[in-house]
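Listed here are the chains, written in short residue letters.
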Amino acid sequence: MSAQKPHTGSQASGARTGARTLFDKIWDAHVVETLPDGTALLYIDLHLTHEVTTPQAFDGLRAAGRKVRRPDATLAVIDHNIATDASRYTGIVDPESRLQVETLEKNVAEFGVPFIPLLDDRQGIVHVIGPELGRSLPGMTIVCGDSHTSTHGAMGALAFGIGTSEVEHVLATQTLLQKPAKNMQVLVEGNLAVGCSAKDITLAIIGRIGTAGGTGHVIEYAGDAIRALDMAGRMTLCNMSIEGGARAGMVAPDQTTFDYIARTPQGPKGEALERAIAWWKTLPTDAGAHFDRVVRLAAHEIAPQVTWGTSPEDVLPITATVPDPETVEDEARREQFRRKMHYMGLTPGQRLQDLPVDVVFIGSCTNSRIEDIRIAASIARGRKVADGVRALVVPGSGLVKKQAEAEGLDRILQEAGFEWREAGCSMCLGMNPDKLKPGQRSASTSNRNFEGRQGPGGRTHLVSPATAAASALAGRLADVRDFQPKDAR
Amino acid sequence: MEAFTTLTGIAAPMPKANVDTDQIIPARFLKSISRTGFGKNLFANFRYREDGSENPDFVLNQEPYRRAEILIAFENFGCGSSREHAPWALLDYGIRCVIAPDFADIFHNNSFKNGVLPVKLPREVCAQLMEDAKMGGNARITVDLERQVVVRPSGEEIPFEIDPLRRHLLLNGLDDIGQTMQHAPAIDGFEAKQRAAQPWLYGA
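Just so you know, the protein sequences line up as chains A and B, in that order. Using the working numbering, the letters of the first sequence correspond one by one to residues 1 to 489. Using the working numbering, the letters of the second sequence correspond one by one to residues 1 to 204.
Derived by calculation from the structure, the hints in this document are not laboratory data. Misleading hints may appear alongside valid ones.
Below, a list of computed lysine-lysine pairs in the BS3-like style, where the Cα atoms sit at most 30 Å apart [as the list claims (entries may be wrong)]:
{"no.": "1", "chain 1": "A", "residue 1": "K340", "chain 2": "B", "residue 2": "K40"}
{"no.": "2", "chain 1": "A", "residue 1": "K435", "chain 2": "A", "residue 2": "K402"}
{"no.": "3", "chain 1": "A", "residue 1": "K340", "chain 2": "A", "residue 2": "K437"}
{"no.": "4", "chain 1": "B", "residue 1": "K120", "chain 2": "B", "residue 2": "K40"}
{"no.": "5", "chain 1": "B", "residue 1": "K134", "chain 2": "A", "residue 2": "K67"}
{"no.": "6", "chain 1": "A", "residue 1": "K435", "chain 2": "A", "residue 2": "K340"}
{"no.": "7", "chain 1": "B", "residue 1": "K120", "chain 2": "A", "residue 2": "K437"}
{"no.": "8", "chain 1": "B", "residue 1": "K40", "chain 2": "B", "residue 2": "K16"}
{"no.": "9", "chain 1": "A", "residue 1": "K281", "chain 2": "A", "residue 2": "K25"}
{"no.": "10", "chain 1": "A", "residue 1": "K340", "chain 2": "B", "residue 2": "K120"}
{"no.": "11", "chain 1": "A", "residue 1": "K106", "chain 2": "A", "residue 2": "K384"}
{"no.": "12", "chain 1": "B", "residue 1": "K134", "chain 2": "B", "residue 2": "K120"}
{"no.": "13", "chain 1": "B", "residue 1": "K193", "chain 2": "A", "residue 2": "K281"}
{"no.": "14", "chain 1": "A", "residue 1": "K25", "chain 2": "B", "residue 2": "K134"}
{"no.": "15", "chain 1": "B", "residue 1": "K40", "chain 2": "A", "residue 2": "K437"}
{"no.": "16", "chain 1": "A", "residue 1": "K384", "chain 2": "A", "residue 2": "K402"}
{"no.": "17", "chain 1": "B", "residue 1": "K16", "chain 2": "A", "residue 2": "K340"}
{"no.": "18", "chain 1": "A", "residue 1": "K106", "chain 2": "B", "residue 2": "K134"}
{"no.": "19", "chain 1": "B", "residue 1": "K40", "chain 2": "A", "residue 2": "K435"}
{"no.": "20", "chain 1": "A", "residue 1": "K340", "chain 2": "A", "residue 2": "K269"}
{"no.": "21", "chain 1": "A", "residue 1": "K269", "chain 2": "B", "residue 2": "K16"}
{"no.": "22", "chain 1": "B", "residue 1": "K134", "chain 2": "A", "residue 2": "K340"}
{"no.": "23", "chain 1": "A", "residue 1": "K402", "chain 2": "A", "residue 2": "K486"}
{"no.": "24", "chain 1": "A", "residue 1": "K435", "chain 2": "A", "residue 2": "K106"}
{"no.": "25", "chain 1": "B", "residue 1": "K120", "chain 2": "A", "residue 2": "K435"}
{"no.": "26", "chain 1": "A", "residue 1": "K281", "chain 2": "A", "residue 2": "K269"}
Remember, predicted model here, so these are calculated numbers, not experimental data.
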């Protein structure tokens, strides 16, 4: 799992005895062979692919005369570089994007890889469609050339992002050479406060452990606040594990998971499902299993969160004020802090709620599922987006979009002044036409507030879908607790 | 992949933590379908101004660091996106070694697969090496993978640790797919057993 030195806790295949974690069990079940230095040849059950991180991998296969070993365990979709407006129906405008998309189409045809075309209803963000279609299942090993592959850990799978060389390795061999990761448990107990959601939990966790806090670890999220989350919430939580430095985050499968899978179009059915559930029920961490690190949070202490800086760890409750760099002792760190303040256009002591927003983005693999859109619509209902604010709602997949439209959420949002878009990665990463302009400030439900992430010079504040919707209405970063849903009538 | 044995060159100091892969190569430059050509957009958001001209304040736009082959930074280098375009951009620019207190996991893996050596040294040592690097063109730093030492301009040697398998692959420029292919019978056997136990994983 990691580049770290192997540790004694996680022995490879079969050698481990006694109480095991969810991660240990999935790891053990996928070790094909252990090399003399402790590196495992790990079998991969599902390989998700998209247009950005695969062209060079398919080229490598071609150059070496290699085939895709398991096309049936591979799925390709276009998500990163496409427009999310109606222009997709008339062809991709940007020539480089078009070439990348056409290259994927050519590669999947040549290598026999199942592919969801751009205009298919099932098209969407790779980390939304895997679970939604029933392809991402408990107990699986799942990889994709994308760091947010950690999302699929919500299913009770071991899912992590890989580079393009590793994509090629998996295409050719259906395996990866990996060293076991350490086990980290994040326990969130109690009830979440009104207005808070999984996004606030994950931001609070990253604020606590830092962006390198999970490096070399797989995080298992546990505790009754996690159990109480629906699958969308668990996906949001696992999605941002990578922002805490952990390549993978996981939630043990339970009845919520099984019920979700039973409703998916491609998940196992009937007897196969019963047989699968019997195995999945053996996966949760055994009592007394060892975790190398445990972090505890009390759910009721978590307020709606918002990032102020250019790293996801720069996070505060919405009621806070902008911190002062001069309080930082280390000179290099103080200088970096000043740079963040300058980039974000902030003054120490400013109230976060006084910061005006130009753009609100509700979408991305973190928060674009039907549950996220329902929350946004419930807050937007009967209200108006503030003058001068551009607010986008970008469903995570064509199926999410259809579902939202069937529920009338698109109308509620559009009546309030939100744009209703086609599925894709959109404004999360500044790779397609949806971008911030230099100096624009956004409240975004995406996952990274890095400098330039949403477009060069763009200023990103990461928030939950509820906070994003409230901020669109207020025209500034807003406390969602001031915007309770109006009556549905 | 080109082998990495010993490198002596100019080191560029970048006294920042959390240098993420969006900084190394912004997403708008990821549309190429080749592995080369990313060097001109390495650190593009810092290297160029809005009008496309060079930003003279950025280290790689200053002499002698334009010719840097080594980069020295602080904690959590390479965090964020899994894009292998990050080491491709470094390599294409001419940087074959990054020295930092620690690295994000995916970037760390990706670097090794492309002949870019990530060297982990404590923050104090990185700070010291940055001071060395600030002395400019005459202050060359050597990274010797064979002997696992970084040699300061003063001649002082600083040992570093590295995974033996990764060291072996890098020293010899080996591609690990070919190596894994030798385990094909074991992979066949694994699949046969798994297919019997978990048939829902097959033939979707």
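Taking only the CA atoms, is the gap from A/K269 to B/K16 under or equal to 30 Å? With Cα atoms ~52 Å apart, A/K269 and B/K16 exceed 30 Å; violated.
Holds or violated: B/K120 to B/K40, with C-alpha atoms at most 30 Å apart: The hint holds at about 26 Å.
Assess, step by step, whether the Cα of B/K40 is no farther than 30 Å from the Cα of A/K435, and give holds or violated. Judged against 30 Å, a Cα distance of about 22 Å means the pair holds.
Assess, step by step, whether the Cα of A/K281 is no farther than 30 Å from the Cα of A/K25, and give holds or violated. Roughly 12 Å separates the two Cα atoms, so the pair holds.
Pairwise hint evaluation, A/K269 against A/K340, where the allowed Cα distance is 30 Å at most: The given pair, whose Cα atoms are some 51 Å apart, is violated under the 30 Å limit.
Does A/K106 lie within 30 Å of A/K435 when you go C-alpha to C-alpha? With a Cα-Cα distance of about 28 Å, the restraint between A/K435 and A/K106 holds, given a limit of 30 Å.
Taken at face value, is the distance from the CA of A/K269 to the CA of A/K281 at most 30 Å? Measuring from Cα to Cα gives roughly 17 Å; hence the hint holds.
Between the alpha carbons of B/K120 and A/K435, is the straight-line distance 30 Å or under? Not OK: B/K120 and A/K435 at ~35 Å, beyond 30 Å, violated.
Would you mind confirming whether the straight-line C-alpha gap from A/K106 to B/K134 stays at or under 30 Å? With Cα atoms ~49 Å apart, A/K106 and B/K134 exceed 30 Å; violated.
Assess, step by step, whether the Cα of A/K25 is no farther than 30 Å from the Cα of B/K134, and give holds or violated. The hint is violated at about 50 Å.
Restraint status (C-alpha distance of B/K134 to B/K120 at most 30 Å): holds (20 Å)
Keeping to a limit of 30 Å between CA atoms, is the pair of A/K340 and B/K120 held or broken? holds (25 Å)
Of the numbered hints given earlier, the model fails hints 5, 7, 11, 14, 18, 20, 21 and 25; all others are met.
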